[in-house]
Amino acid sequence: MSDPATTFESETLSRFLLQQNHIRADLSIKPDPFIPHPYPRLSVTRRETLTETDLWDRGRHIAGLTGKNLYGRADINPSHIPQDLSLESTPTPENPQHVDITGWPKDKPSQKLLAIEIARVAGKAKLPPD
Amino acid sequence: MILPLTISSALSADPMSSQGQSDLAEFLHTTTKAEVRRLHDSHELGLRGKGVLTELCRVYQDCRTPNWDGYGALPVSHTTYLTAEAFLDSLPLGTPAPTIGAEADGHLTIEWYQSPQEQLSISISSDNNLHYAGIHGISKFYGTEAFFGDSPTSLLQLIYKVSSPLLA
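Going down the list, the protein sequences come from chains A and B. Sequential numbering of the first sequence, starting at 1, is according to the working numbering. Sequential numbering of the second sequence, starting at 1001, is according to the working numbering.
Source of the hints: derived by calculation from the structure; they are not laboratory data. C-beta: ideal position from N, C-alpha, C; glycine also. There could be a bad hint or two in this list.
Said to hold, decoys possible - Cut-off 27 Å, straight-line C-alpha distance, at most; resulting in silico cross-link-like pairs (DSS-like, lysine-lysine): (1) K1161/B <-> K1050/B; (2) K1140/B <-> K1161/B; (3) K1050/B <-> K1033/B; (4) K126/A <-> K68/A; (5) K1140/B <-> K124/A; (6) K1050/B <-> K124/A; (7) K124/A <-> K1161/B; (8) K106/A <-> K1140/B; (9) K68/A <-> K124/A.
Stated by the list, open to error - Computed footprint of chain B on chain A; a stretch qualifies when at least three of its residues, placed anywhere within it, have a C-beta under 8 Å from a C-beta of chain B: (10) 93 to 104; (11) 108 to 114.
Assemble the whole structure, with the sequences as input and the hints as a guide.
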């Protein structure tokens, strides 16, 4: 386990949004996409050396793997992630910048409260360029 | 046509007869239920009239297959959909309209959101549990309530709390 505030301090973490109903009309993001499942960890992508274009391409690629549309992304500052959670670098062949947010409680209400906190710090969704 | 005949039958029934009382009770129950349903369909008072049930149906259609979110989500079951529909129908007339969503564990969500500081999200599961979490100003709340057909009073209070403007 690592401290989110130090390990990825300068890197934004992105959660790709593949469901339109996860984005509210005012572009704020619902807590729904931050509920960890099927594992007790939440997949995000660290910025690292990726440009903005690279990041969108990565999102489209991930969406395309399952035949989904990419509706946007949530950018999260690691230093704003609730202290109860941790970050773990878990690169995959498809996403070398893959990171898991771990340390989630098992009970659903506690997960929902943490998801609300993450959605709050994520602010508005970034929409993919045309 | 049916209504006057039913009223006539109800009024002509022997008040001392248990069968008559039963018919009258059934008539009143059916009529009241139909009137409540009509009010729920109204644009001013009802969530059905405001399109919330249509949104619920749309989200269910979008999320009823495995991996609907691209991250391995469980499908939303028909039982969960029916539970969510029953919960929405159980809310009192005049309840502010929520929005509908879904979570990767197959739960449907019903959300009242005014701002990052005023929000409540209720997750509906297939086992009739209502898991909720929310924020109102500096207060945070979360928990689980069982749903047996009537909306829990504690959740109604939270719905009205987050739907009311925060006092400065």
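These are the hints, each one checked on the structure:
no. : hint                : in the structure
1   : K1161/B <-> K1050/B : 21 Å, holds
2   : K1140/B <-> K1161/B : 12 Å, holds
3   : K1050/B <-> K1033/B : 19 Å, holds
4   : K126/A <-> K68/A    : 17 Å, holds
5   : K1140/B <-> K124/A  : 21 Å, holds
6   : K1050/B <-> K124/A  : 26 Å, holds
7   : K124/A <-> K1161/B  : 24 Å, holds
8   : K106/A <-> K1140/B  : 19 Å, holds
9   : K68/A <-> K124/A    : 21 Å, holds
10  : 93 to 104           : violated (count 0)
11  : 108 to 114          : holds (count 5)
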